[in-house]
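> Protein chains in written order, with our numbering: chain A, 1 to 171; chain B, 1 to 171.
FYI, nobody ran anything at the bench for these hints, they're computed from the structure. Among the hints, a few may not be true.
Keeping only pairs whose Cα atoms sit at most 20 angstroms apart, straight-line, the calculated SDA-like set for lysine to any residue is [stated by the list, open to error]:
1) A/Lys90 <-> A/Leu123
2) B/Lys109 <-> B/Thr43
3) A/Lys125 <-> A/His71
4) A/Lys125 <-> A/Asp51
5) A/Lys78 <-> B/Pro79
6) A/Lys125 <-> B/Ala35
7) A/Lys78 <-> B/Val46
8) A/Lys109 <-> A/Asp120
9) B/Lys78 <-> A/Ile19
10) A/Lys78 <-> A/Lys109
11) B/Lys105 <-> B/Glu47
12) A/Lys78 <-> A/Glu23
13) A/Lys90 <-> B/His71
14) B/Lys78 <-> A/Glu23
15) A/Lys78 <-> B/Asp135
16) B/Lys78 <-> A/Pro79
17) B/Lys78 <-> A/Ala20
18) B/Lys90 <-> A/Glu31
Reference listing, derived: stretches of chain B covered by chain A, where coverage requires no fewer than 3 residues with Cβ under 8 angstroms from a Cβ of chain A [unchecked claim]:
19) 14-21
20) 83-95
21) 124-132
Covered by chain B, according to a simulated footprint, are these stretches of chain A (three or more residues, beta-carbon under 8 angstroms) [to be verified]:
22) 74-80
23) 91-105
24) 125-135
All values derive from a computational prediction rather than experimental measurement. Cβ atoms here follow ideal geometry from the backbone N, Cα and C, with glycine treated the same way.
Protein chains: 2
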Amino acid sequence: MVENETGQSESIRKLGEMIADIEFAMLTTAEADGALRSRPMATQQVEFAGDLWFFTRASSPKVDEVEHEHHVNVSYAKPDAQRYVSVSGKARLVRDREKFEELWKPSLKAWFPEGLDDPDLALLKVTVEQAEYWDSSSSAVVHLVGFVKAIVTGQPFHPGENEKLNLKQGA
Amino acid sequence: MVENETGQSESIRKLGEMIADIEFAMLTTAEADGALRSRPMATQQVEFAGDLWFFTRASSPKVDEVEHEHHVNVSYAKPDAQRYVSVSGKARLVRDREKFEELWKPSLKAWFPEGLDDPDLALLKVTVEQAEYWDSSSSAVVHLVGFVKAIVTGQPFHPGENEKLNLKQGA
C-alpha cells in the first residue's frame, strides 16, 4: 500500500476539494446478515474539516444498520469529470443541538417541519479514516492513462495517479 | 420492508434499464478489518441478465477483499438525471474462457495486451440479491418530491417512489 507523503491537513484540504461540488454521495453500510447496501445522501455545503455529516432521522433503517456495524463507505461520483472518491470511515449517530444549528439550512424545513425541535432529527457523523480518489482532470496524459487503466483492470494506482489519503489521527 | 410486486424478470429488465447508460460503477467491498472500501469499475455494455460482470486482474487487491468477504455493493450514480442505484450481491472470481470471449471487447487490449491469454485475466461475477433505485426522471411531481425527501431525511421511500428489486431466485 502506497502511503501519501502529504500530511493530514493537506489530505483534508485535498479531499474537501474533491467532494466540494458533488451534491449527493452514496453511503454504504453493512446489514446484520453481512449484505452491503447503499443509498444517496445529501452532502453538506460547509467546509470539510475531517468529518462528514449527514442529516438523517434517528428512526430510519440505515441508522439501525449503522448501529449494528460502524464501518461505512461514502462514495462520490462526478462522471463528467471522471472523478470518483472513496471514503472509508466509522459512523455514529449524533444528537448535538449546537451541531444541528451549525449545519442547519432553512431548506431542510421541508423535510423536518419542526426544524431543530424535531425529536427524530439526528446527524450521522462519519469519521474519515481513509480516502482515495480517481480524477482525470489532471493535464498530465500519464495520469489519465493510469486512471483509465486502473478502472478497467482493477490494478491499484501508482502515486500521482491515484491518491490514497490517510486521515487517521497522527498519520 | 416493502416488497415490489413485480416478478423477477421484470425486476431484471428494470434494473438493466437503470444502469444501462452508466459507464462506471463504484464497487464496495469489506476488508479484513471490517473497513469498507470502494473503487470505480468499468461496466459491461452487454444486456443485463441478472448478474454483473467486471473484468479484473486475479492479483488485484480488491480480489483479496472479495475472497475474504463475498458480500459487495455496486452503486451507480447519474447525477444529471438524479438517478442512484444500489445493488447488493455476492461476488466471486470467475476464470471462464467462454465467458471471457462473450464479454471481451477489443479496447480491453490496451490493459490486457495478451488479451484472452493473459494468465492474470479474471472476471468478477456479482450475483445480484437486492437492488434499489432512486430516480427523479419520472414526470410525477410526487415521485420527485418523494425522491428528494428520502435523500435528505434518510427515510425509506414509499412504493412508486423508490423501487426495491428482489432478484433472488424464486423471489
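> Could you run down the list of hints and mark each one as holding or not?
Taking the hints in turn, this is what the structure says about them:
1. Pair hint A/Lys90 plus A/Leu123 holds up; C-alpha atoms about 13 angstroms apart against a cutoff of 20 angstroms.
2. Under the criterion of a C-alpha separation no larger than 20 angstroms, the hint pairing B/Lys109 with B/Thr43 is consistent with the structure, at around 16 angstroms.
3. Restraint check: the Cα-Cα separation between A/Lys125 and A/His71 comes to about 12 angstroms, which is no more than 20 angstroms; the hinted pair holds.
4. A distance of roughly 7 angstroms separates the Cα atoms of A/Lys125 and A/Asp51; the hinted pair therefore holds under the 20 angstroms criterion.
5. With a C-alpha separation of about 7 angstroms, the suggested pairing of A/Lys78 with B/Pro79 holds against the 20 angstroms cut-off.
6. With a CA separation close to 16 angstroms, the supplied pair A/Lys125 and B/Ala35 stays within the 20 angstroms bound.
7. With a C-alpha separation of about 23 angstroms, the suggested pairing of A/Lys78 with B/Val46 is violated against the 20 angstroms cut-off.
8. For the hint pairing A/Lys109 with A/Asp120, the CA-to-CA distance comes to about 13 angstroms; that is within 20 angstroms, so the pair holds.
9. Distance hint between B/Lys78 and A/Ile19 is fulfilled; the C-alpha atoms sit about 16 angstroms from each other, no more than 20 angstroms.
10. Restraint check for A/Lys78 and A/Lys109: the C-alpha separation of about 28 angstroms exceeds 20 angstroms, so the hint is violated.
11. Distance hint between B/Lys105 and B/Glu47 is fulfilled; the C-alpha atoms sit about 14 angstroms from each other, no more than 20 angstroms.
12. With a C-alpha separation of about 10 angstroms, the suggested pairing of A/Lys78 with A/Glu23 holds against the 20 angstroms cut-off.
13. The straight-line distance between the Cα atoms of A/Lys90 and B/His71 is roughly 19 angstroms, inside the 20 angstroms bound, and the hint therefore holds.
14. About 12 angstroms separates the Cα atoms of B/Lys78 and A/Glu23, which keeps this hinted pair within 20 angstroms; it holds.
15. The suggested pairing of A/Lys78 with B/Asp135 holds, with an alpha-carbon distance near 17 angstroms, which does not exceed 20 angstroms.
16. The straight-line distance between the Cα atoms of B/Lys78 and A/Pro79 is roughly 7 angstroms, inside the 20 angstroms bound, and the hint therefore holds.
17. In summary, the hint linking B/Lys78 to A/Ala20 is supported, as the alpha carbons are separated by about 17 angstroms, within the 20 angstroms threshold.
18. A distance of roughly 14 angstroms separates the Cα atoms of B/Lys90 and A/Glu31; the hinted pair therefore holds under the 20 angstroms criterion.
19. Counting residues of the segment 14-21 of chain B whose CB lies closer than 8 angstroms to any CB of chain A gives 0, so the stated coverage by that chain is violated, three being the minimum.
20. Note: the segment 83-95 of chain B has 3 residues with beta-carbon separation from chain A under 8 angstroms; the three-residue rule is met and the coverage holds.
21. Judged by the Cβ-Cβ criterion of 8 angstroms, the segment 124-132 of chain B is covered by chain A as claimed, because 4 of its residues qualify and three suffice.
22. Look at the segment 74-80 of chain A against chain B: 5 of its residues bring a Cβ nearer than 8 angstroms to a Cβ of that chain, three or more, so the hint holds.
23. Residues of the segment 91-105 of chain A lying with their CB closer than 8 angstroms to a CB of chain B number 0, which falls below the three-residue condition for coverage.
24. Coverage of the segment 125-135 of chain A by chain B holds. Counting CB-CB distances below 8 angstroms, 4 residues qualify, and the rule asks for three or more.
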